[in-house]
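Q: Everything in the sequence shown is counted per our numbering, starting at 1227 for the first residue and increasing by one.
These are computed hints drawn from the structure, not numbers from a lab.
No residue lacks a Cβ here, since even glycine has one placed at the ideal position from N, Cα and C.
There could be a bad hint or two in this list.
Label-pair restraints from in silico Cβ distances [claimed, not checked]: (1) N1430 <-> S1396: 23 to 29 Å; (2) L1319 <-> R1274: 31 to 37 Å; (3) Y1413 <-> E1326: 19 to 25 Å; (4) R1274 <-> T1340: 30 to 36 Å; (5) A1228 <-> D1362: 19 to 25 Å; (6) D1335 <-> S1434: 17 to 23 Å; (7) N1430 <-> T1340: 22 to 28 Å.
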Amino acid sequence: MAEPIRFHLDPRCPWCWQTSKWIRQLEKLDVVDVSWGLFSLEVVNFSRPIEEFDMEQSIAAPSQRTLVAVRNDLGEAAAGRFYETLGHRYFELEEDLQKESMVKASLADAGLDTSFYDRAMADVSTWDTVLGEHLDLVNNTRSFGVPTIRLDGGAGPAIFGPVISNPPTSDDDAVNLWRSVSWLIRYDNFSELKRNRTSDPDLNMWRSWMASRK
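Taking the hints into account, I'd like the entire structure generated from these sequences.
A: This is the structure:
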């Protein structure tokens, strides 16, 4: 039986995006049952009191709030489709995440009504949900970034990662990686494994960013 998990995301993070491809791979194999949670890298890096954070200036907030509206009305599968099409436009087509036209195009790509964007922007509670999920994860699991996976459908232990450059190329590797990661998440004595990056993400945005540094 598929294990229920909560995958917390920020649509700006390329590592989160690459790991989400692996999670969708596991979902298709009936290894995990995914719900999609929010996290804000802008908030976690905001140095002033949270009351001073201006969601109107946030790059990720429009798409995050739209995901909340989709999830509230249509459920997790629709939210996952939206994140998938949004990520494709952002990381592969290199479109502006903050633009209304980009978010609406992503909704259309996912087979969803583009009015979800307008409804989300007109309802401040969508931002309250984003911020609430972020703070709940940070305060209750000591999480600090994405990708973060929380077991037991979002009620259990959580861990940052795994940070993978690209999704596994075989189903066996995908499942074996999950078995290792899920065991470590439940092993309370485990804190950290880390090594230098072995390969770059296969993303157009990454290649553009690397070229701009030369």
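Q: Looking only at beta-carbon atoms, does the pair L1319, R1274 fall within the given range of 31 to 37 Å?
A: Once the Cβ atoms are compared, 34 Å apart, the range 31 to 37 Å for R1274 and L1319 holds.
Q: Within 30 to 36 Å or not, the Cβ separation of R1274 and T1340?
A: Check passed, 34 Å falls within 30 to 36 Å.
Q: Given the hint of 23 to 29 Å, check if N1430 and S1396 actually sit that far apart at their C-beta atoms.
A: Cβ of N1430 to Cβ of S1396: about 24 Å, so the range 23 to 29 Å holds.
Q: Given the hint of 17 to 23 Å, check if D1335 and S1434 actually sit that far apart at their C-beta atoms.
A: At roughly 21 Å between Cβ atoms, S1434 and D1335 fall inside 17 to 23 Å, so the hint holds.
Q: At the C-beta level, are N1430 and T1340 separated by a distance inside 22 to 28 Å?
A: Holds, since N1430 and T1340 (Cβ atoms, about 24 Å apart) stay within the stated range.
Q: Taking 19 to 25 Å as the stated bounds, is the beta-carbon spacing between A1228 and D1362 within them?
A: Holds, since A1228 and D1362 (Cβ atoms, about 24 Å apart) stay within the stated range.
Q: Check the following: the C-beta atoms of Y1413 and E1326 are separated by a distance inside 19 to 25 Å.
A: The hinted range 19 to 25 Å is violated for Y1413 and E1326, with Cβ atoms some 44 Å apart.
Hint compliance for this structure: hint 3 is the single one not met.
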